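Each protein sequence line maps, in turn, to chains A and B.
Take the first sequence: its position 151, counting from 1, is numbered 151 in this note's numbering, and each next residue is one higher.
Take the second sequence: its position 160, counting from 1, is numbered 160 in this note's numbering, and each next residue is one higher.
Some hints could be false.
Stated by the list, open to error - Partner residues aside, some chain B positions facing chain A, computed with beta carbon under 7 Å:
1. Gly163
2. Thr188
3. Asp191
4. Val192
5. Thr193
6. Gly221
7. Ala224
8. Leu259
9. Met266
10. Val280
Stated by the list, open to error - Ranges between beta-carbon positions, derived for each pair:
11. A/Asp265 to B/Lys269: 50 to 58 Å
12. A/Leu22 to B/Phe111: 29 to 37 Å
13. B/Pro62 to A/Gly77: 40 to 48 Å
14. A/Val267 to B/Lys122: 24 to 32 Å
Derived from the structure by calculation, the hints contain no laboratory data.
Since the model is a prediction, treat every value here as computed from it, not as a measurement.
Note that CB positions come from ideal geometry on N, CA and C, so glycine has one too.
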Amino acid sequence: MTEPLLKVEGLKKYFPIKSGILGKVSNCVKAVDDVSFTVQEGETLGIVGESGCGKSTTGRMLMRLLEPTEGVVTFDGQELTSLSNNDMRKARRDIQMVFQDPYASLNPRHTIEKILMEPLNVHNIGDPKERKKKVHEFLEIVGLSSYHAKRYPHQFSGGQRQRIGIARALMTNPKLIIADEPVSALDVSIQAQVLNLMQDLQKELKLTYIFIAHDLGVVRHISDRVGVMYLGQMAELANTEDLYEKPLHPYTQALLAAVPVPDPDFVREEVIITGDVPSPANPPSGCRFHTRCPFKMDICSEVVPVFAEVEEGHSVACHLYEESRPQ
Amino acid sequence: MTERKTILDVKGLQTSFFTDDGEVPAVDNVNFHIREGEVLGIVGESGCGKSVTSLSIMGLVPSPPGKIKGGEILFQDKDLTKLSEKKMREIRGNDIAMIFQEPMTSLNPLFTIGNQLREAIKIHKKDWSKDQVQERAIEMMKLVGLPRPEGLMKEYPHQLSGGMRQRVMIAMALLCDPKVLIADEPTTALDVTIQSQILKLIKNLNERLNTAVLLITHDLGVVAETCERVVVMYSGKVVEEGPVHTIFNDPQHPYTKGLLESVPDMRFKKERLYSIPGNVPKPGSIKTGCKFAARCEFAFDRCMTESPELYQTAEDHQTRCFLFDPKEVQSHDRTVIES
Ligand SMILES: Nc1ncnc2c1ncn2[C@@H]1O[C@H](COP(=O)(O)OP(=O)(O)OP(=O)(O)O)[C@@H](O)[C@H]1O
Ligand SMILES: Nc1ncnc2c1ncn2[C@@H]1O[C@H](COP(=O)(O)OP(=O)(O)O)[C@@H](O)[C@H]1O
Ligand code: SF4
Ligand code: SF4
Ligand SMILES: [Mg+2]
Ligand SMILES: [Mg+2]
Chain A
1 MTEPLLKVEG LKKYFPIKSG ILGKVSNCVK AVDDVSFTVQ EGETLGIVGE
51 SGCGKSTTGR MLMRLLEPTE GVVTFDGQEL TSLSNNDMRK ARRDIQMVFQ
101 DPYASLNPRH TIEKILMEPL NVHNIGDPKE RKKKVHEFLE IVGLSSYHAK
151 RYPHQFSGGQ RQRIGIARAL MTNPKLIIAD EPVSALDVSI QAQVLNLMQD
201 LQKELKLTYI FIAHDLGVVR HISDRVGVMY LGQMAELANT EDLYEKPLHP
251 YTQALLAAVP VPDPDFVREE VIITGDVPSP ANPPSGCRFH TRCPFKMDIC
301 SEVVPVFAEV EEGHSVACHL YEESRPQ
Chain B
1 MTERKTILDV KGLQTSFFTD DGEVPAVDNV NFHIREGEVL GIVGESGCGK
51 SVTSLSIMGL VPSPPGKIKG GEILFQDKDL TKLSEKKMRE IRGNDIAMIF
101 QEPMTSLNPL FTIGNQLREA IKIHKKDWSK DQVQERAIEM MKLVGLPRPE
151 GLMKEYPHQL SGGMRQRVMI AMALLCDPKV LIADEPTTAL DVTIQSQILK
201 LIKNLNERLN TAVLLITHDL GVVAETCERV VVMYSGKVVE EGPVHTIFND
251 PQHPYTKGLL ESVPDMRFKK ERLYSIPGNV PKPGSIKTGC KFAARCEFAF
301 DRCMTESPEL YQTAEDHQTR CFLFDPKEVQ SHDRTVIES
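Okay, chain B solo, but in the shape it has when bound:
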């Protein structure tokens, strides 16, 4: 792989919600970056902070109760966390676009598909003629593989299937050739045959238009199929980051390993599934030590009192686990890791 420039750099991001029960640190010092034209996956179980991370990038964290407390989100030398709402709106339409899990909630049920597409184009191309706008709308619908664009333009969102609505959302998101597309669980509400069509479309657009994609999902299969690099999150933190092949073939963090072993594989029958004991913790509920310690079969005394940092284990691979702390690796018997 050639060296590609970093296009979006998230540094030490901290986003919290201030609720009646106190502060919920949904995103707790998160670091990662996306390179030009790549597909980066963020994977993790519900509540680990995936959506809040993407909303933070888009400047869409509901506030109150939410607030970006710290960190930077660097996009083309600008820190997005410091921009005014007006500047942010420009970025959202033009440079960074987002699609969500349930396309129905982001389409207005009262207007036709054509109407909504044309309005979205007009926001960015104020000087275009009616014909130009119409032409562009049709072009976009064809790009995302929607059949009979002219007819569909006259229909309302409820007349479309889930897969078609998601295609419309992708068309809208791509209207202005964004440099980054954030897709938060874009296929979770869809059937598998439709999911595979949408994932193919996203990958295809990524390759043709060179749009970088941040794909957020809880589905390890979707990650393996679509992403080049993977960020694994657990309870508001990045616990492992690396190239997709490394993460799947040689996972390091005990959570990543456990997660991979827990998934039933459609290709063969495992006698018994491995299962990580305990429950998925709410962010902020674990105050000291490694957040995974209570469920980790490798936990040792240090894990209860100190928080591990992200240790660099290879050029492109980082793991938040004491077993990979260079200091521990020296003193600790390596067989613990390999067993």
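Looking at chain A on its own, in the form it has when it is part of the complex:
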């Protein structure tokens, strides 16, 4: 295998919880707790999981929009986690983000032209005339028109605003796009348009995607590989086909079994899990899923299962597969 474009090792983010009048740190939220994965050039890695499992926190740490508590992120041969702030700012030219709520992430007082121009100004790309040309070019690329440049964000529909969000991310010709729930706020018919656009752009511009979402149908559609997170950790990671056809981790199985399918004749396999996701401030001992797992064994509440490969390209953190691991 070639050297991955992105390599993440032992990534952690602990948010301190302050309490009392002195604001003493009494505990911390282990939002992301020892996550490792790689992303190959040109592929799409999907990251799924329920609310609060640490998907966004992971995404933001990759760009150091949030400083990791621990861990190493290597991008294109460069160790991002040891760069000075100044060098990191330069490195962001190659890594861009697309957010869920395009409205909140676009300044309402700026015209689209100004919004799209900004990344070019920040990274000092081109002269004013070239910048303007580039804005118009990218508006067309994402399916809008150059006359839209003079308008303001509120004059667009949700789907159009997401196209603007994507155009903004593309302005600096990045290699990697981290898209955090880019279609979650959109209607089904518009969601399909944006997913198709993202796939087309990936082919044309040779982009690499990290696609964060909670919708398992969307993630299957867009991803080459998929990682499933639970309570700040990676539970399973595999090729999309393998993950959906033969999920190994009991949580992945439960998650897939819970998704409503748009087919009234579909008979699902029941995987019963009860209860809610525990608090990441106080995660269960051993395997974090043991409080809800139908296959829980004695060892599960005592020993943390290692996240490791059990088949080629298929990693899982679960004691059920300890023996099938290549030694």
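Could you slot chain B with the ligands onto chain A? The hints should help.
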């Protein structure tokens, strides 16, 4: 399926908002009915009028700027649109109940769960003793599958998870054995594993208590999983109505078809998603012709000038599209429909 009596009949409902930009016809001549003990789904994209339809039934349309302009909502031979607020309040507590998307906004953060449940019971059972009220509250919490009811009663809404709060709301809604439960996006704010628990609960209660459920959602998966019949709305209008199997296996309206093809399916990978071109229109923005015409690949000249009505295409199936107008079907080449 046996013949079941219609319990709620919505006829020609028109609800508009009168804003600075003029009239917004959020619900534009909507017809549908719910039968005793059935689960009826209303599905459609944001702004198509699902919530305004449910608020109209409950008599909760914010007024001003909203107003029910026309139509009838028949419940047990009474037209709900004609009832006084006092009479409507009685119906709301006893016969028709509603749960919303975000349970946090409908629970009072300052009172314990027990307090709110007991108050809700006391409104309807004024003569009950303290013990009776307490007993009923615990019974309801058990019914909706809330763990350790006694302990939970002493907790405040923010101490509960989203799924537990939704269970509390369902318990409150079911206190008086309503005949109809309206659930407006009841699982949209929840995670999938919790969503599946809540949907199971709603279906289970529907079967055990024979409560008719009007389930409003934008999620086609939720509809397929939970509903017996489906109403598809687009821009304030019903565009198709039929049994869930027909709607999913043999959809007729071009919008319904497009919508179904646009959803990524968790079970297999589609090479490329079908996508309906254009944007979801704001109600009232399209004045003439079929509201879907600008996005419809089958549109023909008549669609630009006339509004299609709901054509009956089978006993239990209706479609608002000229392709199913008996007059067109005769003159028009049927291959257009099948292609
Ligand atoms: N600034 C912060 N301070 C304290 N806790 C935080 C902060 N940001 C996130 N968290 C916590 O970290 C955990 C992970 O949050 P994150 O936003 O990464 O989840 P997510 O997987 O993206 O969820 P969602 O699907 O809801 O977007 C959550 O428990 C969250 O409450
Ligand atoms: N209080 C209000 N004032 C003005 N317009 C409203 C109000 N409530 C809803 N509308 C409009 O009515 C239409 C239908 O809304 P709604 O029923 O909430 O849609 P949904 O199908 O997403 O539930 C929308 O165009 C919405 O903007
Ligand atoms: S380690 Fe144990 S508790 Fe955790 S998922 Fe595997 S079987 Fe379940
Ligand atoms: S009436 Fe015409 S425009 Fe409307 S859905 Fe039918 S074919 Fe399309
Ligand atoms: Mg997030
Ligand atoms: Mg709504």
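*Determine whether the Cβ-Cβ distance between A/Val267 and B/Lys122 falls within the hinted range of 24 to 32 Å.*
violated (44 Å)
_Agreement of hint B/Ala224 with chain A interface, Cβ distance less than 7 Å_ = At about 5 Å, which falls below the 7 Å cut-off, the nearest Cβ of chain A leaves the hint on B/Ala224 intact, so it holds.
*Evaluation of the interface hint that places B/Thr188 against chain A, nearest CB under 7 Å*: violated (11 Å)
*With chain A as the partner, please determine if B/Val192 meets the hint condition of a C-beta pair closer than 7 Å.*
holds (4 Å)
_The hint names B/Asp191 as touching chain A; please verify it with the least Cβ-Cβ distance against 7 Å._
holds (4 Å)
*asked:* Take the shortest C-beta to C-beta distance between B/Gly221 and chain A; is it under 7 Å?
replied: holds (3 Å)
*asked:* B/Thr193 was flagged as interface toward chain A. Is the shortest Cβ-Cβ separation under 7 Å?
replied: holds (5 Å)
*Under the criterion of a CB-CB separation shorter than 7 Å, is B/Leu259 in contact with chain A as hinted?*
holds (6 Å)
_B/Gly163 was flagged as interface toward chain A. Is the shortest Cβ-Cβ separation under 7 Å?_
Hint on B/Gly163: holds, closest Cβ of chain A at ~6 Å, below 7 Å.
*Does the interface hint hold: is B/Val280 within less than 7 Å of chain A, judged Cβ to Cβ?*
holds (5 Å)
*Is the hinted range of 40 to 48 Å satisfied by the C-beta distance from B/Pro62 to A/Gly77?*
Violated: the Cβ-Cβ distance is about 58 Å, outside 40 to 48 Å.
_Assessment of proposed distance window 29 to 37 Å (beta carbons of A/Leu22, B/Phe111)_ = Because 31 Å falls inside the window, the suggested range holds.
The structure is inconsistent with the numbered hints 2, 11, 13 and 14, although it conforms to all the rest.
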